[in-house]
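These protein sequence lines are chains A and B, in that order.
The numbers in the working numbering rise by one with no breaks, and the one at position 6 of the first sequence is 6.
Position in the second sequence (from 1) plus 1000 gives the number in the working numbering.
Simulated from the structure, these hints should not be mistaken for laboratory data.
Yeah, the Cβ is synthetic: ideal placement off N, Cα and C, and Gly gets one too.
It is possible that part of the hints are untrue.
In silico SDA-like cross-links for lysine to any residue, where the CA-CA straight-line distance does not exceed 25 Å [unchecked claim]:
#1 Lys97/A <-> Val1015/B
#2 Lys97/A <-> Ala1040/B
#3 Lys1080/B <-> Gly1027/B
#4 Lys1079/B <-> Asn1063/B
#5 Lys97/A <-> Asp1071/B
#6 Lys97/A <-> Ser1058/B
#7 Lys26/A <-> Gln1045/B
Far from chain A, by Cβ distances over 10 Å, these chain B residues were calculated [stated by the list, open to error]:
#8 Trp1007
#9 Val1012
#10 Pro1014
#11 Gly1016
#12 Ser1020
#13 Gly1027
#14 Asn1030
#15 Arg1042
#16 Leu1046
#17 Val1051
#18 Ile1053
#19 Ile1075
#20 Ser1078
#21 Asp1085
#22 Ser1094
#23 Leu1111
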Amino acid sequence: SQQGEEDPQALSIQEGENATMNCSYKTSINNLQWYRQNSGRGLVHLILIRSNEREKHSGRLRVTLDTSKKSSSLLITASRAADTASYFCATAHNTDKLIFGTGTRLQVFP
Amino acid sequence: SQTIHQWPATLVQPVGSPLSLECTVEGTSNPNLYWYRQAAGRGLQLLFYSVGIGQISSEVPQNLSASRPQDRQFILSSKKLLLSDSGFYLCALSRGWDQETQYFGPGTRLLVL
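Make the full structure from the sequences, and use the hints.
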């Protein structure tokens, strides 16, 4: 079964609002990553947080990781219509593989 | 920086026909290469990955196969397509010095009728 499960499955907000997406996983990880996918396109890597980190920022993105709860959140601040996409978490273990979650579809209305 | 090419971009094939999807990479050498399938509105399912020429690991039993004849070429094949093979196929790579992050190609949308 897939390692990551995202919540919510879909999210609709207005421009300027913040968007928060959550990811839960089942077993210990080396790191957790977030990816973005525009409709019909490939995935783009956004940010990576290691298992010994609790929070990381990149521009308008803020990622938190709680290894005790096996969960992560992605916060997009001051959202824009161009942020409309699907967002996936992916967990890395002691292998060359990533395990992707089911994704959150974000719709930002202008 | 690396570039991943996939073709064709879209493909409509009848059930029972063969399949060959190609992924080629530029701008990096000796990458790990991956084939994923994504059903409509769903997450990614890892199908195959390769750490080098001729080295293929299969993740799920299926009627698909993969080959890596060259360092920067990864091919996904089938002898006889099933309806359930429809989906969006994505090729990805990770670089030797940064195995953790994956970079994706534009994808091939396959519809089996």
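Q) Which numbered conditions among the earlier hints are violated in the structure presented, ordered from lowest to highest? A) Structure breaks hints 1, 3, 15, 16, 17, 22.
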